[in-house]
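Trainee: Chain by chain, the residues:
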Amino acid sequence: AQKVTQAQTEISVVEKEDVTLDCVYETRDTTYYLFWYKQPPSGELVFLIRRNSFDEQNEISGRYSWNFQKSTSSFNFTITASQVVDSAVYFCALRRTGGFKTIFGAGTRLFVKA
Amino acid sequence: DAGVIQSPRHEVTEMGQEVTLRCKPISGHNSLFWYRQTMMRGLELLIYFNNNVPIDDSGMPEDRFSAKMPNASFSTLKIQPSEPRDSAVYFCASRTRESTDTQYFGPGTRLTVL
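So the protein sequences, as listed, match chains A and B.
For the first sequence, our numbering begins at 69 and goes up steadily by one.
For the second sequence, our numbering begins at 1343 and goes up steadily by one.
Source of the hints: derived by calculation from the structure; they are not laboratory data.
Even for Gly, the Cβ is constructed at its ideal location relative to N, Cα and C.
The reader is advised that the hints may include incorrect statements.
[Stated by the list, open to error] Label pairs and their in silico Cβ distance ranges: (1) A/SER110 <-> B/THR1438: 19 to 27 Å; (2) B/ALA1344 <-> A/PHE122: 30 to 38 Å; (3) B/SER1400 <-> A/GLN125: 29 to 37 Å; (4) A/LYS84 <-> B/ASP1405: 51 to 59 Å; (5) B/ASN1394 <-> A/VAL82: 43 to 51 Å.
[Said to hold, decoys possible] Here are the computed lysine-lysine pairs in the DSBU-like style, where the Cα-Cα straight-line distance is at most 35 Å: (6) A/LYS71 <-> B/LYS1410; (7) B/LYS1410 <-> A/LYS106; (8) A/LYS181 <-> A/LYS106; (9) B/LYS1420 <-> A/LYS169.
[Stated by the list, open to error] Cβ-to-Cβ under 10 Å is the rule here; a few derived chain A residues that face chain B: (10) PHE103; (11) TYR105; (12) GLY111; (13) GLU112; (14) SER139; (15) PHE168; (16) LYS169; (17) THR170; (18) ILE171.
Starting from the given sequences, assemble the full structure and let the hints guide the process.
Mentor: Okay, structure coming up:
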């Protein structure tokens, strides 16, 4: 069975603070994909990143970085120098290679205060 | 490039009425997904189409829900008769057949059943 756990329901930070959103997953598949999506207050779901289970290199995109550790089944997301516009719900998701069903975590709501 | 298009963006209806939600996937994408998002249950996959054919509708809550994809550029999700517990945001997503590809979501339809 596949499962994605985002233990942090809500996080509140002050602008310019760094913040890490945790994601832990469970799967018996040997190959899979991990994703992060952002859902701002406007409601749409915005794709942020996809990571192949073969590739454990960390990735950085501007203020965003992702730390994938297969040994701990974690795919954490860090926002550096957070901004008010980062306020959103962030979803971590998992899909096995060749599969069609994407399993979403419950989401972490991030509040960034000015 | 246009993303996934959904209409209407908001729908308010009375219990017992028929509701039809519409989706136009990204051109060239041959997989289409309907999701429902509620506070209680998070993101739920309702149905998945591949090349216009329904592959898995195990997430459709009951017979009141039906979905069609008459061609590669259009899909509908119908609820008849609607009930207050159907109130949610309904998302459509699409992706290409390749298993590496990512789902891209539409802006969603916020449905309120009074």
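Trainee: Taking each numbered hint in turn, which are not upheld by the structure, reported in ascending numerical order?
Mentor: Structure breaks hint 14 only.
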